[in-house]
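Chain A is fixed; fit chain B onto it per the hints.
2 protein chains.
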Amino acid sequence: MTTTETFPQVQQWTDLAQQLRVDSIRSSTAAGSGHPTSSMSAADLMAVLLTGYLHYDFDNPQNANNDHLIFSKGHASPLLYSLFKAAGAISDEELLTLRKFGSRLEGHPTPILPWVDVATGSLGQGLPIGVGIALCGKYLDKLPYHVWVLCGDSEMAEGSMWEAFDHASHYKLDNLVAIIDVNRLGQRGETELGWNTTAYAARVGAFGWNAIVIDGHNYDEINRAFAQASQPNGSPTAIIARTIKGKGVSFLENKNGWHGKALNKEQAEQALKELDHVRSKTFPVHKPDESRQPAPEPPKKPLELPKYDGKEPVATRKAYGDALQALGAANPEVVAMDGEVSNSTFAEEFAKAFPDRYFEMYIAEQQMVAAAVGMSVRHRIPFASTFAAFYARAYDFVRMAAISRANIRLCGSHAGVSIGEDGPSQMGLEDLSMMRAVFGSTVLYPCDPNQTAQLVAQMAEHDGIVYMRTTRGATPVIYSPDEEFMVGGSKVLRQSENDEVTIVAAGITLHEALKAYDQLKGQGILARVIDAYSVKPIDEETLMLAEQAGNKIVVVEDHWPEGGLGDAVLDAFSQRDGPLPEVVKLAVQSMPGSGTPDELMEEAGINAHHIVQAVRALVRNV
Amino acid sequence: MTTTETFPQVQQWTDLAQQLRVDSIRSSTAAGSGHPTSSMSAADLMAVLLTGYLHYDFDNPQNANNDHLIFSKGHASPLLYSLFKAAGAISDEELLTLRKFGSRLEGHPTPILPWVDVATGSLGQGLPIGVGIALCGKYLDKLPYHVWVLCGDSEMAEGSMWEAFDHASHYKLDNLVAIIDVNRLGQRGETELGWNTTAYAARVGAFGWNAIVIDGHNYDEINRAFAQASQPNGSPTAIIARTIKGKGVSFLENKNGWHGKALNKEQAEQALKELDHVRSKTFPVHKPDESRQPAPEPPKKPLELPKYDGKEPVATRKAYGDALQALGAANPEVVAMDGEVSNSTFAEEFAKAFPDRYFEMYIAEQQMVAAAVGMSVRHRIPFASTFAAFYARAYDFVRMAAISRANIRLCGSHAGVSIGEDGPSQMGLEDLSMMRAVFGSTVLYPCDPNQTAQLVAQMAEHDGIVYMRTTRGATPVIYSPDEEFMVGGSKVLRQSENDEVTIVAAGITLHEALKAYDQLKGQGILARVIDAYSVKPIDEETLMLAEQAGNKIVVVEDHWPEGGLGDAVLDAFSQRDGPLPEVVKLAVQSMPGSGTPDELMEEAGINAHHIVQAVRALVRNV
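Protein sequence lines, in the order shown, are assigned to chains A and B. The numbers in our numbering rise by one with no breaks, and the one at position 258 of the first sequence is 258. The numbers in our numbering rise by one with no breaks, and the one at position 82 of the second sequence is 82.
Chain A with its partners taken away, still in its complex shape (with noise of 0.2 Å):
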């Protein structure tokens, strides 16, 4: 067996770790915050991944050959910023620039470094984002290259993190590699399994994973390891280093109470005699494997959106995944992911015509969504669909997405109580909500399948965190295929100069409120009927002419009251100067149980029925 003395690039590696955790400790210290102990552990896991097997061009991080290194743990930041440093990448100058305002160099990696494909700080989503990047190489790229992704013991303990472990061997995605620092300490005291390195083997074991165990601070070990995990063999391969936290400055080495926290300035002195100094050198890093080529851009075809002749209703979920299959023929760029229910949100339409971009998720949500964000890095347009309750699963990866700049498309199925019979756990009443707290984020519900079609074909051009809330139930065709829907849009579907009221509606509600004009104006009242199928961004321009209808507003949503369609209107209204108008929210005030759509509808105060009364209290006050 080969010892470490017996390698030659020992002494680069010790000259590198060293630096690391210098540099780990100065840039912390500098900022008065951080995590260097959290760097500290994996500094010698970094070292020989940077100059050893890492393939990456620091000058072209857009190479599509490049490597992709992900930290997980998010935390250890100073580290990876460190390590650009050591690559030359970033500036000494710049680096203890760490944690300041304006600086790039964020308490959590975010991808206005070029050099990051993802914002992590969020854990467990690192790796599971690792894998949907991953799936893009092995699967559509079909490059050589390998997604490293460094983990952190705490993180260990999320769902999300199983979700990944399970998908990459589902994928048998052996370009990804999981290096799990296992350095004992959480931010409070021990972690669930301690330094049980075993215990982490056998879980990753099980999932389909090749794990390697290792001391993270013996470099005969962490190379084997390296070079074992660069082998593709048909799995994906785990590293799982016991290190110890604060490793290589005394007073911090597997203490308690060191998490998180900076050292002053006398400490930091302290730490940087034991670690023989700073120094700034800079280290080579292999440039990427050229030995393949990304395929020439494929043609692009022109789009033909499916058209709906109006002869029978439609649900919008189906012109969802008809307009997505058609946007899969003219554009190749386009994928499509979906949490086990293609058959239910239509993204199965995609899946029969278009196999190889489509992407089974299976019933994990995160995942889901990570594996679009990763597409993203990757420059695909990715489409992720399941039932619009279930996006409150992966809400978090959602934020975080926002925070990637990652440009997804979201779609969710069986909006609001209108689905009926199966009960309100698969009822989504606050998706609207969510995605539009969502920074940046576009927030879509159609009510017809020309517009659902239109829309899905804008949703692909459209950048950041795009939503599109479709409805279960066919419903009546009400736009031709010519009529032209643009985000920001909206629709005045009927209004005269004799109006008194404006009714806001979208998707499902709708349609009961073309039914309230109707009964209306056999009543001899005058709406406005506006179709808000962009709820953010909101058509203010359109909303303000209710100026001109008694200034007077009937909002009507399948959803909380709560952040939705309502709250947007009134929202619109903030903006501008003067009064706001007369605003009547009807949204689903109680919680729904199984029934009829239209049971269901009604008891929840959003039907034509009580639309009408709405707006006989509100401009009649009967």
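These aren't lab readings, by the way, just hints derived from the structure by calculation. Just so it is clear, the structure is predicted and the values come from calculations on it, not from any experiment. Treat the hints with caution; some may be incorrect.
Identical chains share a label here; the pair holds if one copy fits it or two copies do between them.
With a Cα cut of at most 27 Å, we get these calculated DSSO-like pairs of lysine-lysine [claimed, not checked]:
id, residue 1, residue 2
1, 352, 255
2, 287, 172
3, 352, 172
4, 100, 515
5, 142, 287
6, 261, 352
For chain B alone, coordinates are given in the frame of chain A:
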């Protein structure tokens, strides 16, 4: 080895299982929808459980010694309701009301039925909640009841299941049994692992459980597995049962395309023939083991909340910990749990004082909320805490907890950009929106330690989902310890007869509002300042008084603009007759990075400086 023939109970089990299958078909066919085939696969398992191992007094579902039976695969509700009929709890007539409007038998189980502990139907939740009940049984109730959880195989892909497997073995929950119905077929085809029961056993075993693989239609094997699972041996047990979806009916067995589909009348008749027709037998169920009785309710002591004299600033998160400890001293029913950040949320104060009533949930927020729900089932008063941002991880559990009519208290610390250097991944900027959009929820956001303490006490008294948002940094004490605060209340902190504007704030921004008041006063503008610490329900009555102050309002919050305090204020006005006031919302409009709290509040446009600007623009048009 015994064979099935040697068991005298076999005839009874067969009778019962066939009745369960018949009833699953009859009820779903009567409903016109539902999941008969997913019920039929588990009928043999449940027949043996009901008559042999479940200890439950159906006449007294509140008996503390009752076992708990949770259908984590909630879509198998026809089977559950058929069990209730077989136990004599519901009539055949009621069984046939399945999924009908007004029926207790909803499409997925909810606790409007007295024998149902929690709502299921969002997969992957029943087992984590079972962990919560089992924790309570073993460590708090100290009663010999068992928790039986029927799980689907599709839901094994949900990360939350593995959080449950992990925590159950960590806490040695040998009173917990997972019965995994491996019927191979998910909603849209084969599951990830199909009938690979060996793989399931390896995974579950690696997570520290006893794994028993059986043929789920072989009574001998089922019986022995339950017998073994009933014996406490320090570890939870998983019975991994290979089953056939649609078992018992030739044209349903192991057929794809029969998920979630009711048989039509003709199909049902055919099926019933094969299953030997309708019967309505009642089967005896063991009464619970009463050998141990619940401890007599321990005496409550007067609550002595912490008091803050105002000599130095105190963070509301610190006051949360202090108050929780005080609450724990007064009321032995109060329990707490945290997601491995108790030294940040200050739940550690409770943990140190009452280690027997504190449960470390590690970094597994879904399991944390599920454990709280489980504690609520057993009538404890659970307080769970983590960073506000990380509730996004558990949102589906919070959503379902509302459907479960659970009474849980959640505290989210580190809200908003005011946390400073850690960056956006750690900033709760959507938590108010998330929590407002939960049915029947209460949302509190104190600004001061004395207020926090009072509101923590209120939380314990309050039913439903109660959320408190706390702030990282120390803030001035502005209230005396004797001041009273109520859910639904607010405080008018500054007012005069000449107010030209109302500033509404809460938490961190309240302090900015007070600074802005002083600056505005110096400029000759008098503002009313309202502390809207109860975000939901919000104090509409007090807000309405804005009419006396120029009918102009500035709302300021450390939150995205959507769904938070600003929308709550707008919504309050939409409830009343007459036109709304002018409202300007100040909220976080751009993606924050790292920086000091002051820098980030300035950049976000939510500090005193921006409030003054907004007020001046509103009342002076400058």
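Results of checking the hints against the structure:
no. : hint      : in the structure
1   : 352 x 255 : between (55 Å within a copy, 20 Å between copies)
2   : 287 x 172 : within (25 Å within a copy, 50 Å between copies)
3   : 352 x 172 : within (22 Å within a copy, 46 Å between copies)
4   : 100 x 515 : between (57 Å within a copy, 25 Å between copies)
5   : 142 x 287 : within (18 Å within a copy, 61 Å between copies)
6   : 261 x 352 : between (52 Å within a copy, 22 Å between copies)
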